[in-house]
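*Asks:* Spelled out from the first residue to the last, the chains are:
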Amino acid sequence: MADTLLKQPAPEKLTPKDFKSDQEVRWCPGCGDHGVLNSVQKAMALMGKPKEDFAVISGIGCSSRFPYYMDTYGFHSIHGRAAAIASGAKSANPDLEILQVSGDGDALAIGGNHFIHAVRRNIDMTILLFNNEIYGLTKGQYSPTSKHGMVTKTSPFGTVEQPFHPAELALGAQSKFYARSIDTNIKLTSEILLDATKHKGTSIVEVLQNCVIYNDGAHSLITDKNTKEEYQLVLRHGERMIFGKEKNKGLVMGGNGKLVVVTIGEHGITEQDILIHDAHTPDPHMHWLLSNMTAPEYPVALGVIRDVAALSYEEKMVQQIKDIQEQSSIKCMDDLLNSGDTWEVE
Amino acid sequence: MSQKTKVIEKEEVVIRFSGDSGDGMQLTGTQFSDTSALFGNDVATFPDYPAEIRAPQGTVGGVSGFQLHFGHKEVNTPGDYADVLVAMNPAALKANLKWVKASGTIIVNEDSFTDRNLEKAGYDADPLQDDKLSDYNLIKAKVTSLTKECLKDSGLDQKSILRSKNMFALGMVYWMFDRPLAHTEEFIENKFKKHPLVVEGNKKVLRAGYNFAKTIEALAYNYSVAPAKIKKGTYRNITGNKATAWGLIAAAEKAGLELFCGSYPITPATEILQELAARKDLGVKTFQAEDEIAGICTAIGASFAGNFAVTTTSGPGLALKTEAAGLAVMTELPLVIVNVQRGGPSTGLPTKTEQSDLMQAIHGRSGECPMPVIAASTPSNCFEYAYRASKIALEHMTPVILLTDGFLANGAEPWRIPKMADLSPITVPLAKEGDDYMPYARDEEKLARKWAVPGTKGLEHRIGGLEKMDVTGTVSYVPENHQVMTDIRSERVRRVANFIPDLPVKGDDNADVLVVGWGGTYGHLTTAVRELQADDKSIALAHFNYIFPLPKNTEEVLKRYKKIIVCELNDGQFAEYLRSNFQDIKFEQYNKLQGLPFTVKELKEKFNQLLEEK
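Residue numbers (our numbering), protein chains in the order written: chain W, 1 to 346; chain B, 1001 to 1614.
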């Protein structure tokens, strides 16, 4: 296998087109997935890695068709299990750049266990989490992120379940990288993907995605032309948490430990009072507050919310194997077979 | 040893050490079996311990046992009934008395037969005081007080002193069978090398037990079991689970691939994962997954990424892996799934043995989803069959199920160590840079597709659980294509039959009765058939390791015999399977579902009955 691991010295310059496969894209017209596909292809072309180093691994659902549309190595697996399959692939071949594609049902319902454990282990891969708050492929049942009371085919009188906030779940699993984008914002999504790829460990990129057929407008407050600037806060490390059409709104810390939306210029608030985003602090407290903000009380946080350096699972695994191999006198199977108590029969 | 009054030559002996979970009986038994193996006997062992880690002390449920069978002749089973029972407390006696041969020897720790212990064991009266044991050669030894007396000046604390009483019992049995103490002394020195007082204490108690047995009049004789005629070579003792783990590592090394094991702990398969986890020195990657499903899924991911991947489990775990096993069939990725069968269904009897996952292994998946199934049949040949399962998986690009069971997994026997150079080569159908690659293009002989490992330039492709177009591997809903692909998936597994050995038969082609078995019952079936053959009975044995596909000569073998009896530790799953394959042949059944192996005695009775029926 050694020959396959030899890296090419200078990868040829790639364009987004190089990452398009010959398969016809079959998502519904107007589906948010198209935008995400473009964002991914754009980002991959900028990553400076050869195509053969990418593996796109998905579960089941509309978004999980993703690998077929990418001219990389791809694996369209079974419902919920993509995080586990990707974990195995990365452990087997740490040189691969793995994009694990999943929807809210795939990653947080049937695959919830694999999702939290991949995050906990900090396997170096990017989990692209399409959150449209609905089951699309099975034609419109509520998902674990559907809003409380939502009427769907399996909740004709409204759900009686409280939804997951994916970020909360991820932070509970000790996530080191959490970012959020919107399907239509190709620029932001591809920027985030570049950061996610640079991050060593599990990077979760939640994309607020619109299902035009079964849950159209789920995120309309933050995506609608007229309201979006009032309800989107794009976070950047080291920059103040300022948003709004007039760029005059911001976040400050209230006395009760809650974030408060303020207007610069009112009640004596100046720009200097607005909080500065620190994505790199290991303390998850502020990241938790930011990622849990919901409209209309707050703007919804987009961008890289959390990006904390840590060793990845496979880095530690490879190092441990190397250390033990240096110490052990057993170098091959024949050594092992003849180790310990043996005896000769003449 | 000059004081021996009488020495009795024995062909074979079965000893069962039993006591409380904390009495060190597993260690005692292992020491005796290692010493006997070094002495040149053939040996087979089997531990029997409670499922609870710390079962209530002194109760029958908390009894831990270790049985070993050693002989001058070939030994294939740990033995049905014991010649010698060592019982460290009343509960051990109560639990094991039914497994002692008529007029066998019973050594008891007399000190432990207190009112309280008798009550805990459920005895109304002290069995040492009434005549219930008069048919046995009962040896009462005050093991606890003699051990205390022996170590009173040792400087050891009371707890350490009491813990060494198993060495007293071992010393006694060593004298009975004329075994040298050297191996165990060396073992003690190594095990406790940081605690010189413990080393001295244990060695002293071992010798005290030996001398006690030599001195007391209760032992009027001792036994001698001469070395067996064993093939020349270097030997070691090995359990089935360790042999399985090693077979997988050997296959990875032979194939030139890294080994990846994704698994979730489950009795009685866990030791395979543990052994692999300990083998970082050989580059083995183990991934203790969050559940059984993630166990197989990480393995499938690793296989996709170019490692030789395996997952290990037991019956309920195999059930959880079912859907993903289908994905491995669909994507035609190499994978070995080891199922160490236990008593089922559901949680069932986790620490006991059974063969009741056969149908699950052959058929238990959604859709038409064939994969090869093979079974190991002795603790040590778990190595060979793990290796062969791996070779099939890698060369035919298919998941393979390897069946072992709790009996093989925990059983141990001496094993002639193979040389890696002597193992058959494993040729992996890797696609290379520059190949004109199609994911589902196949070789003509095996119908195996090629394995294009991510990272290989120019071979980017997509696979997945959706039905794929023949050759090109694009998603396909074309009706005729599904037929084609289904037929190919079936045919490529059937073609594995072209690469496996014929079914061997032990006995005459025209014997009156053919005994058929598979997997872990080999030792008991072989012993029963061999003993009947020695009595000039017309009986033969065909034992299967290759279950699906069956060896090509199977029908021809079976058709030779008028009377066939299929013996298995389930309700007749292999018999059913054979019937569905060979509708003209009549199969009788002998089945047992007690969580225990067959006994040679019950098998011989059944076979004799069948032989007389003609």
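Read the hints as simulated data drawn from the structure, not as lab findings.
We put the CB at the ideal spot given by N, CA and C, even for glycine.
Some clues are possibly wrong.
[Said to hold, decoys possible] Not the full set, but computed from the structure, chain W residues with beta-carbon under 10 Å of chain B:
no., residue
1, G74
2, I116
3, D283
4, L311
5, S312
6, E314
7, S328
8, C332
9, D334
10, E344
*Asks:* Now tell me, hint by hint, if it's right for this structure.
*Replies:* Now for the hints, and whether the structure bears them out:
1. G74: Constraint on W:G74 satisfied, holds at 4 Å.
2. I116: OK, holds: W:I116 within 10 Å of chain B, min 8 Å.
3. D283: 26 Å, violated
4. L311: Violated - the Cβ of W:L311 stays beyond 10 Å from chain B, reaching only about 17 Å at its closest.
5. S312: 14 Å, violated
6. E314: With a closest approach of 9 Å, the W:E314 hint holds.
7. S328: For W:S328, the interface hint holds, since the closest Cβ of chain B sits about 3 Å away, which is under 10 Å.
8. C332: 7 Å, holds
9. D334: Nearest chain B Cβ about 5 Å off; hint holds.
10. E344: OK, holds: W:E344 within 10 Å of chain B, min 6 Å.
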